[in-house]
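Visitor: The listed protein sequences derive, respectively, from chains A and G.
Using the UniProt record's numbering, the first residue of the first sequence is number 1, and each one after it goes up by one.
Using the UniProt record's numbering, the first residue of the second sequence is number 1, and each one after it goes up by one.
Hints may be right or wrong, so weigh each one.
Selected chain A positions facing chain G (Cβ under 10 Å, derived; list incomplete) [said to hold, decoys possible]:
| hint | residue |
| --- | --- |
| 1 | Pro2 |
| 2 | Ser104 |
| 3 | Gln107 |
| 4 | Leu263 |
Rather than coming from a laboratory, the hints here were simulated on the basis of the structure.
From the three backbone atoms N, C-alpha and C, an ideal C-beta is built for every residue, glycine too.
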Amino acid sequence: MPLFHTEDQAMLADTVRPFLAEQAPVSHMRALRDADDRTGFSPELWKRFAELGLNGVLIDEADGGLGLGHVEAGIVLEEIGRNLTPSPFLATAVGAVTMLKAGSTAQRDAWLPPILAGEAVGVLAVDETARHRPERIALQAHRVGNGFRLIGEKRFVTYGHVADFLIVAARTAGSCDEELGVTLFLVERNVANLTAEADRLTDASLAARLKFDGVEVLQESIIGEIDCGFRSLTKTLSSLRAGASAEMVGVGSAALEMTVGYLRQRKQFGRLIGSFQALQHRAAHLYAEMEVARACVLKAEQLLDCGDAGAEQAVMVAKAMSGMASALAVQEGIQMHGGIGMTDEYDIGFYMKRQRVLAELFGDADYHANRLATLAGY
Amino acid sequence: MSDLETFRRETQAWLEANCPPEMRQPIRSEDDAVWGGRRAVYKDPAQKVWLDRMAEKGWTAPDWPKPYGGGGLSPEEAKILRSEMSRLGCRTPLSSFGLYTLGPALLKYGSEEQKLEHLPKLVRGEVLWCQGYSEPGAGSDLASLATRAEDKGDHFLVNGQKIWTSDAEKADWIFCLVRTDTLSKHNGISFLLIDMETPGVSVKLIRLISGYSPFCETFLDNVKVPKKNLVGELNKGWDVAKYLLSHERESLSGTGLGIGQLSLGEMAKRTVGTEADGRLDDPVLRARVALFEVRAQAFMAMSERFTDELKHERAHPAQPSVIKYFGTELNKQRYELMMDAGGSDALEWESERSLGGAHARAWLRTKANSIEGGTSEVQLNIIAKRILQLPGA
Chain A
1 MPLFHTEDQA MLADTVRPFL AEQAPVSHMR ALRDADDRTG FSPELWKRFA ELGLNGVLID
61 EADGGLGLGH VEAGIVLEEI GRNLTPSPFL ATAVGAVTML KAGSTAQRDA WLPPILAGEA
121 VGVLAVDETA RHRPERIALQ AHRVGNGFRL IGEKRFVTYG HVADFLIVAA RTAGSCDEEL
181 GVTLFLVERN VANLTAEADR LTDASLAARL KFDGVEVLQE SIIGEIDCGF RSLTKTLSSL
241 RAGASAEMVG VGSAALEMTV GYLRQRKQFG RLIGSFQALQ HRAAHLYAEM EVARACVLKA
301 EQLLDCGDAG AEQAVMVAKA MSGMASALAV QEGIQMHGGI GMTDEYDIGF YMKRQRVLAE
361 LFGDADYHAN RLATLAGY
Chain G
1 MSDLETFRRE TQAWLEANCP PEMRQPIRSE DDAVWGGRRA VYKDPAQKVW LDRMAEKGWT
61 APDWPKPYGG GGLSPEEAKI LRSEMSRLGC RTPLSSFGLY TLGPALLKYG SEEQKLEHLP
121 KLVRGEVLWC QGYSEPGAGS DLASLATRAE DKGDHFLVNG QKIWTSDAEK ADWIFCLVRT
181 DTLSKHNGIS FLLIDMETPG VSVKLIRLIS GYSPFCETFL DNVKVPKKNL VGELNKGWDV
241 AKYLLSHERE SLSGTGLGIG QLSLGEMAKR TVGTEADGRL DDPVLRARVA LFEVRAQAFM
301 AMSERFTDEL KHERAHPAQP SVIKYFGTEL NKQRYELMMD AGGSDALEWE SERSLGGAHA
361 RAWLRTKANS IEGGTSEVQL NIIAKRILQL PGA
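Produce the entire structure from the sequences given, and follow the hints as far as they go.
Guide: This is the structure:
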C-alpha cells in the first residue's frame, strides 16, 4: 500500500473540505464561544455529519456504516482541525465506535443507530489525573447483586456533560497500576448518582469532570470481559490518538498556510516580509516538520487499518511527532504574524489554543516518547 | 495468490538461499560497505559473492530496465525486495554513489550509447564514479563554476580545478560540470564524463577533521575529452546537474534512518548503565534519546512516503530538499547523542578497541551531511521559494 491517499480517499477529502469550510469555518466556533454556548458543539451540524454518512466512517457496512478506516477518519479530522470545528466526531465516531466493536450485540444495536443518525454522542472516560495515565485506573467498581456500583472520578472528558452514554474504565480487581482488573462499563449519562460539571477550557471547548457517587450498573453494561478491559481500552486509545494526531495535522497545516499567506502580503521596510530570508527559513523549517508529521500520521492510520502489530507504536510516534510539529506551527504562526497575532480578533490565536488541548488529549509527546522508550527497553 | 505475493515468496526464498550469512550482519564500519570499482578491495570474500549474485539479477538497481543491466522490477516489486531484504537483515550489496546519482541522470539524459556503455558497469559495481561539481570558488553558488571546456572539433579541452570530489583517488571515472559558455551563467554549463586515467587528470587528498580523507582536489590540466562523453545538450548541463542533485539529496538523507545500526537506547544502556527496572540510568539523556527516536521513526515514514510518491511520479520536484534537510540534520543529532551516550569511550581516537576511533570519526563526518549536496540553508531557500512560493528579495 503506497503511503499516500488512494483516489477514493482523495475524493472523500474533496467532499469533506468544502463541507466544513462552508458549514463550520472558524467563525462558527467563534460564534458558539461568543454566545457562551454550553453544549460545546452544534447539534444541527452533527446531524449534517450523519447525513453525509461521516458518523459511520468506522462502522461496518453490515451495521449501516461506511466500513472505512482510520485513514478516512483522519481525512475528516484533518478538516475539523483546519476549521477548528467543535464536533463530537473524534470522541463518538472514532472513540465510542471503536469501543463498541468490542461490545455486545445488544450494546451495538442500542447505540450504533443513533450515532449513525447524528442523534447520540458517546465518549470514553479514562483520565483521572491532570496528566494522561491510562495505566493507572483507580475508579472503583464493586460487585453488588447482579451488577456493580461505581465510585470515583473522571476528568478531561470532552463532551462528557452532554453525552448520551459514557464508556468508563473502572477497576474491578488488582491495584491501580495493574492492567488486569480493568473493566469497561457502558453507562448512560442520566443515571442516578452521576454528576457532570463542564469546564470551559483554553480553546473554548468544554470538558467534563464526572463524579461517580455510587452509580449502579448492570452486569450487561460491561464491554467485553470483566477484568480484561485493558486491551480494548488501549485499542480505543490508539484510534483516538491517531485521530487527534490527524486533527493536529489539520491545525498545524492551517496555521502554516495562514502564516505563509501573511508573509506573502504583509509589507515592512518597503518590502514583502516573506522576502526576508530570516522568515523564509523559519517557514521552510516549519514546512519540513509538518510534512514529516503528516507522513507518520498517515503511516499510523494505514497500520491501524491493516491490523499490523506495529500499529500501536506507530500511533505513539504519530501523536508525539504531530504534537511537536503542530506546536511549532502555531508558535511560529503567532511570532511571524507579529502584533496582530496576539489579538482575539485574528484567528491564529485560536489555533494555538486548540493545538494545546489536542496535544494534551490522550497523552502528549513526553508521555508517548517515554512509553516508546520503555517498550524499546531503555 | 496474487503475482506480487508470488514474487514476495520467490524473493524470500532466493534471498534465503543466496545471501551469505556474513552479509546479514549489521554494518559496523565504513569498510563493511561495498563501493566497487576497478580497484575494489573486499574486506570479506562474502561481500564479492553477494554483490555478484545480486548484480546478476540486476537487483543492485532493481527498478532499472533490463537492457541496461537492471532488475526491470515494477515499483511494487522493488518495494517488496527492499522490505524482504530489510526483514532478513541483508546488507545493501553495493553502496555506489554513481548508482544512486549518475545512473538516474543517464537514464533520463544519456544517449543510448552512453547508457549501454556505463549503466551495466554501474549495476555490477565495476566502475567507481566520483563527482566533479564544486570548485574552490563555487560552493553553494555552484553555477558560478569556472572550469573551462573548449570545443576543439572532435574533443573538448578541459582546464580547471574541482574540490570535494569524494573518493577521487579511488575513482575510475568522474562526471563533471564544465563551463562551455562564459556569457551565460546557468545556460553555459555542460555535463561531461571523464576517464580518470586521461592524461592531465591529477588528484590530491584533503585531510578532514575526522582524520580521514574521503574528499580530494581534482586538477584538470589540458584534459582531452571525446565529444561523445557530453551528456545531454551542450550548455544544458545545469538541468542534468539539478536532476542528479535531487537524487543525491535522497541518498544522503537515507543516512538519517540509522538502518542496521545499534539502537541509541541500547548503546546508551551499555555505557551509562541501567536502573533496577532496566531503564537507562540517566533520565535526561533517556528523555533526549526518546524524543530523538520519535523524530527518527517519523522520518522513516516520511522517506517511505517520498519513495512511494517518486515511484508514482507525484512528488513535488522540490520535495528532495525537504528529505535532505530533515534527514541530514537528524543524522547530525543522532551522532551528537551517540557521543553523549558513549561518554569517554566515544572519545577514543586510535585504540583498537574503538576500531581506530570509528565512533568519533563518524560523528565528525556527519557534520558534512548538512553541507554537501547543498547546505541546509540552500535547501531551506529552495523550500521557501519553490514550495511555499515566498517572494524573492
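Visitor: If you check each hint against the structure, which ones fail?
Guide: 2 and 3
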